[in-house]
Amino acid sequence: MTRVLVVEDDAQLARALVINLQARRYVVDAAPDGATALSLAASEPPDVLIVDLGLPDMDGVDVIRALRRWSRSPVLVLSARSGSEDKIRALDAGADDYMTKPFSMDELLARLRAATRRTAEAPAESPATGGGRVVTDEFTVDLVAKKVKRVDRDVRLTPTEWHLLEILICNPGRLISQRRLLQEVWGPSYSTKTNYLRVYMAQLRRKLEVDPSHPRYLITEPGMGYRFEP
Numbered sequence: 001m002t003r004v005l006v007v008e009d010d011a012q013l014a015r016a017l018v019i020n021l022q023a024r025r026y027v028v029d030a031a032p033d034g035a036t037a038l039s040l041a042a043s044e045p046p047d048v049l050i051v052d053l054g055l056p057d058m059d060g061v062d063v064i065r066a067l068r069r070w071s072r073s074p075v076l077v078l079s080a081r082s083g084s085e086d087k088i089r090a091l092d093a094g095a096d097d098y099m100t101k102p103f104s105m106d107e108l109l110a111r112l113r114a115a116t117r118r119t120a121e122a123p124a125e126s127p128a129t130g131g132g133r134v135v136t137d138e139f140t141v142d143l144v145a146k147k148v149k150r151v152d153r154d155v156r157l158t159p160t161e162w163h164l165l166e167i168l169i170c171n172p173g174r175l176i177s178q179r180r181l182l183q184e185v186w187g188p189s190y191s192t193k194t195n196y197l198r199v200y201m202a203q204l205r206r207k208l209e210v211d212p213s214h215p216r217y218l219i220t221e222p223g224m225g226y227r228f229e230p
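Letter by letter, the sequence shown follows residues 1 to 230 of the working numbering.
Honestly, the hints are just simulated from the structure, not real lab data.
Given the structure is predicted, the values throughout are model-derived calculations rather than measurements.
Note that beta-carbon positions come from the ideal geometry of N, C-alpha and C, so glycine has one too.
Among the clues, some could well be false.
What follows is a set of in silico ranges between Cβ atoms, one per label pair, in the way DEER data are often shown [said to hold, decoys possible]:
1) 212 <-> 59: 23 to 29 Å
2) 212 <-> 163: 16 to 22 Å
3) 36 <-> 114: 42 to 48 Å
4) 142 <-> 36: 42 to 48 Å
5) 3 <-> 58: 20 to 26 Å
6) 27 <-> 202: 39 to 45 Å
7) 145 <-> 113: 16 to 22 Å
8) 142 <-> 35: 28 to 34 Å
9) 212 <-> 70: 19 to 25 Å
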């Protein structure tokens, strides 16, 4: 059974989350603050975490950073903070997804299922650490040879297109923030030039997606970033 750690200081909301998750056969632990959350995560490692940012003892972003030193479990942020800066900070710290309050319980459960499904389906060896090849129904990426092939032909990518694709491919299912992509591909002075991303992501989709206007693999999360869905 999937173990979920809920990190939420609002007792009423935490109880509602626990009840709803347990009703769907999740094993649930709850922590009202960051220190308790990190202690629980170390003693009973969760398969996925739901983390609020406004905790009484530390910021939820700091909890995520601390967790990422030793855990790869998916982190879904559930916060009243809706500003793009808060979303970027959480994603850059290592969060996999972000939802704002008030929220739909059905959507939360769907995102939770997606996060746990991606973890279950992930190969034991990631392409970034030695697998070397990512294969989808439409294209194959050889990370060692730096080549991309469609079913019927080779695909020529510019160095910038390749760099973008490589970052996304090496983080399957994870939401990568706009700022991180801009800084890694173009440099720190370009961290707000989101139009660059729109142009180059559109080019990648034209080259790799069957229907670029309805992408299957290179997904946009409006205002937050992009993800590669294997």
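Comparing the hints with the structure gives:
1. About 38 Å separates the C-beta atoms of residue 212 and residue 59, a value inconsistent with the hinted range of 23 to 29 Å.
2. Look at residue 212 against residue 163: about 20 Å separates their beta carbons, and that is inside 16 to 22 Å.
3. Taking the beta carbon of each, residue 36 and residue 114 are about 27 Å apart, not inside 42 to 48 Å as hinted.
4. At roughly 45 Å, the beta-carbon separation of residue 142 and residue 36 lies within the given 42 to 48 Å, and the hint holds.
5. One distance hint, 20 to 26 Å for the beta-carbon pair residue 3 and residue 58, holds here, with the actual separation near 22 Å.
6. About 43 Å separates the C-beta atoms of residue 27 and residue 202, a value consistent with the hinted range of 39 to 45 Å.
7. Taken as a hint, the range 16 to 22 Å is violated for the pair residue 145 and residue 113, whose Cβ atoms sit roughly 35 Å apart.
8. Take residue 142 and residue 35: their Cβ atoms lie about 45 Å apart, and the range 28 to 34 Å is violated.
9. Our hint of 19 to 25 Å for residue 212 and residue 70 is violated, since their Cβ atoms are close to 39 Å apart.
Going down the numbered hints, you'll see the structure goes against 1, 3, 7, 8, 9, while the others check out.
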